[in-house]
Structure formats: structure tokens, C-alpha cells
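Undergrad: Each chain, written out:
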Amino acid sequence: MSTFNAIGVAGTGVTVYRKWLDAVSDNIANIDNVSRTSEKAFQARYVVAQEAQDGNGAEVGGVAFGSAQGILTYDPENPLADAKGYVRRPDIDLGGQMAQMMMAQRAYQANLAVVDRAKDSYTAAINLGK
Amino acid sequence: MFDDISSSSLRVAAAGLAARQSAIANNIANIETPGYRARKVEFEQALHGAIAHGDSPASVAPSTQASLEPTRLNGSNVNLDEETLSHIDTTMRYQLTLRAMDSKYGMLRDAIKGA
Amino acid sequence: MTSPISALSAVGGLDPVQGIDGLAASAGTTAAQGPNEDFTSMLSKGLQSVQDSQTNADNLAVQVADGTLQDPAQYTMAATEASLGLQLTLAIRNKAVEAFQEIMRMQA
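Chains as they are written, first to last, in our numbering: chain Y, 153 to 282; chain A, 732 to 846; chain S, 10 to 117.
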């Protein structure tokens, strides 16, 4: 997409923020997953964004995972509870995840706005001199 | 008269971009179809290679291939962001290509009419 | 205040006999750098620049076709310049032909 470069670059941003939104929604969906103390708790997923290798836009450099320990909760009624009555809950803060979701959504929309305005500019360039 | 490199390249580009438009429409329609592989149209590399080699661009034809990207949960490997942006890019490049051909025809017409 | 008669004789170029000779003498020498020569070179320079701008627009058109063009406005500007340059050259040629025909009509 080198002719309409601004659209391609904004497109990489759109992809990164969509992956971030996916990760956040995955975290929120699994926020009440209970696991045994013998297993790992559900780990929150964080998307690591970095500048693209070829200098055009952004890309997802990798994924980082949150704590595997989770939070030890005393819940003897739970079928997964161990001998002492503990289970692991994921160490995910709903408020923090909602804040991240708002940031990701804002960034996603900003990149889409760039695409839109770049499209207008390029259309004007195409119709030049007509 | 219409066989010069720029005219035949523009003709190939117009055909390729039109094929890409219909491939994108197909991909977006099949975004939830299990087992669907996104279709990608290629012609830019072939065109660039033919011109660099000195061959006539008229010999280049757009080719459609299945995308090898990883599939999503529903079995389809269509990436909606990519298809949407590719659609915008293709539409504008098509407009620019048609504008280019129009400009060439217009100049010939001016020469014929004697302005 | 000079007297009117001496003022008239001071305007030497109005002397009829000398005037016509002067014109005949100059007709031979001005052909080399007169309006005709300037117009020819102007026309050929104009044609050359139209040719160049068309070649430039064609090269950029090939870049449009294989997607390597960096800035779409460069192509549209080059195409507009080529088209306007051609129209301008044609207009100049038409005006020149008109003027020539006008002169031929005068002589006949």
C-alpha cells in the first residue's frame, strides 16, 4: 500500500488496537475463572506494541502474561477447593481492564479517523486538475 | 498506438484491481464461513518484474491465490481490518488508474481535434 | 524655443528616399534575428518540453499501475501539466497558422 501510505500505516494501528481490545475482552471474560491451587490461575494477557520493523506504523511485538499465582481465595464450598479450602482466582482488576478497553477503543477510533481523512486527501489528489 | 508500456501497464492494473475488488467482496461475504480461505489477488510483483525485464506488460495476468494466514475460531481466515483497508486502497487506486487512462486518451483526442 | 522648421528637419528618419533605402537595407539583416527565428526556436522548445512532460507522466503512470508510486498527487500534477502543455502548444500553433493566413489574405 505504498501509494496511499497513510492508509496503510493507520491500518497497522487499527490491527494493533483490535488485538489489544481482543486481549482485554478475553481477560474480562475469564475474570471469574477459578482454578485449583495445584494449577496456574488464569493469566491476564497484555499486548506489547512496538514500532514496526520497516518503520511504517506499529505492530504487536509480543504478548506478556500476568501473574500465574493469582489470588488465593478461601472458598471451601467450591468443588475445586483444595484440602485447606483454597482456590486460585485470576489477578485481574475489572476497573483496570475497563480503563484499558476505553483507551484501546479511543485509539482504534482515532486510527479509523486517520484512514477516513487520508482517504479524503488522496481523493482530492486524484481529482486534481479535472 | 495503445501498446506503449504505460498504456498496457494501466490496462493490466485495471484488470488486477477489479479482480481484487471482487475477491475482497467474496472474502467479506464469507467472513463467518467455516473452512473458508481468504482470496488474494496478485499482479503488482509480476508487472514490476515484467517491466524491469523489458517484457511487454500485456503478458501479465492477475492471479488469485488462497491466503495462508492462520484461521480464527470459526474456521475462516478472513481478517476484517485488512479486507476493509484493502478495499479502500483498491478503490482509490482504481480511480487513479482510470484517471491515468482518461488523461492519455484525452491528450490523443486533443491532438486529433487540433485543440 | 526652437523654430518649427528646424524641429522638422531634425527628425532625419522622415526623409522619404532615405527611409525606403534604410528599410530595404535592414530587411536583409533582420531576417537572421527577426521574429521568424524566435518563433521557430520557441515552438521547438515548446514541443520538446511537451514531449518531456508526456514522458514524465507516462513513467509515473507505470508507477501508478504497479503500485510503487509514493505520492498520488505527483502523477495527477504531471498528467495535468502534460495535457495543458499539449493544449497550449496546439493553441499557439493554431494562432500562428491563423496569423499566417491573415497575412496571405492581405497580400492577395
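It is possible that some hints are incorrect.
[Said to hold, decoys possible] Here are the simulated distance ranges between beta carbons:
| hint | chain 1 | residue 1 | chain 2 | residue 2 | range |
| --- | --- | --- | --- | --- | --- |
| 1 | Y | A216 | A | E763 | 52 to 60 Å |
| 2 | A | E763 | Y | I223 | 35 to 43 Å |
| 3 | A | S794 | Y | A220 | 28 to 36 Å |
| 4 | A | N757 | Y | T225 | 28 to 36 Å |
| 5 | S | D61 | A | E800 | 32 to 40 Å |
| 6 | S | Q79 | A | H784 | 19 to 27 Å |
| 7 | S | R102 | Y | D206 | 46 to 54 Å |
| 8 | S | I101 | Y | D206 | 42 to 50 Å |
[Claimed, not checked] Here are the simulated DSS-like pairs of lysine-lysine, each with C-alpha atoms no more than 27 Å apart in a straight line:
| hint | chain 1 | residue 1 | chain 2 | residue 2 |
| --- | --- | --- | --- | --- |
| 9 | Y | K282 | A | K844 |
| 10 | Y | K171 | S | K54 |
| 11 | S | K104 | A | K771 |
| 12 | A | K771 | Y | K271 |
| 13 | Y | K271 | Y | K282 |
| 14 | Y | K171 | Y | K192 |
| 15 | Y | K171 | Y | K282 |
| 16 | A | K844 | S | K54 |
| 17 | Y | K171 | A | K771 |
| 18 | S | K104 | S | K54 |
| 19 | Y | K236 | Y | K192 |
Everything labelled a hint here was simulated from the structure, so no lab data went into it.
What you are looking at is a predicted structure, and each value in this text was computed from that prediction instead of being measured.
From the three backbone atoms N, C-alpha and C, an ideal C-beta is built for every residue, glycine too.
Undergrad: All the hints need checking, so say for each whether the structure fits it.
TA: Checked hints:
no.: 1; hint: A216(Y) <-> E763(A): 52 to 60 Å; result: 31 Å, violated
no.: 2; hint: E763(A) <-> I223(Y): 35 to 43 Å; result: 37 Å, holds
no.: 3; hint: S794(A) <-> A220(Y): 28 to 36 Å; result: 47 Å, violated
no.: 4; hint: N757(A) <-> T225(Y): 28 to 36 Å; result: 50 Å, violated
no.: 5; hint: D61(S) <-> E800(A): 32 to 40 Å; result: 45 Å, violated
no.: 6; hint: Q79(S) <-> H784(A): 19 to 27 Å; result: 23 Å, holds
no.: 7; hint: R102(S) <-> D206(Y): 46 to 54 Å; result: 50 Å, holds
no.: 8; hint: I101(S) <-> D206(Y): 42 to 50 Å; result: 48 Å, holds
no.: 9; hint: K282(Y) <-> K844(A); result: 19 Å, holds
no.: 10; hint: K171(Y) <-> K54(S); result: 59 Å, violated
no.: 11; hint: K104(S) <-> K771(A); result: 54 Å, violated
no.: 12; hint: K771(A) <-> K271(Y); result: 22 Å, holds
no.: 13; hint: K271(Y) <-> K282(Y); result: 18 Å, holds
no.: 14; hint: K171(Y) <-> K192(Y); result: 24 Å, holds
no.: 15; hint: K171(Y) <-> K282(Y); result: 41 Å, violated
no.: 16; hint: K844(A) <-> K54(S); result: 22 Å, holds
no.: 17; hint: K171(Y) <-> K771(A); result: 22 Å, holds
no.: 18; hint: K104(S) <-> K54(S); result: 17 Å, holds
no.: 19; hint: K236(Y) <-> K192(Y); result: 17 Å, holds
When each numbered hint is compared with the structure, violations occur for hints 1, 3, 4, 5, 10, 11, 15.
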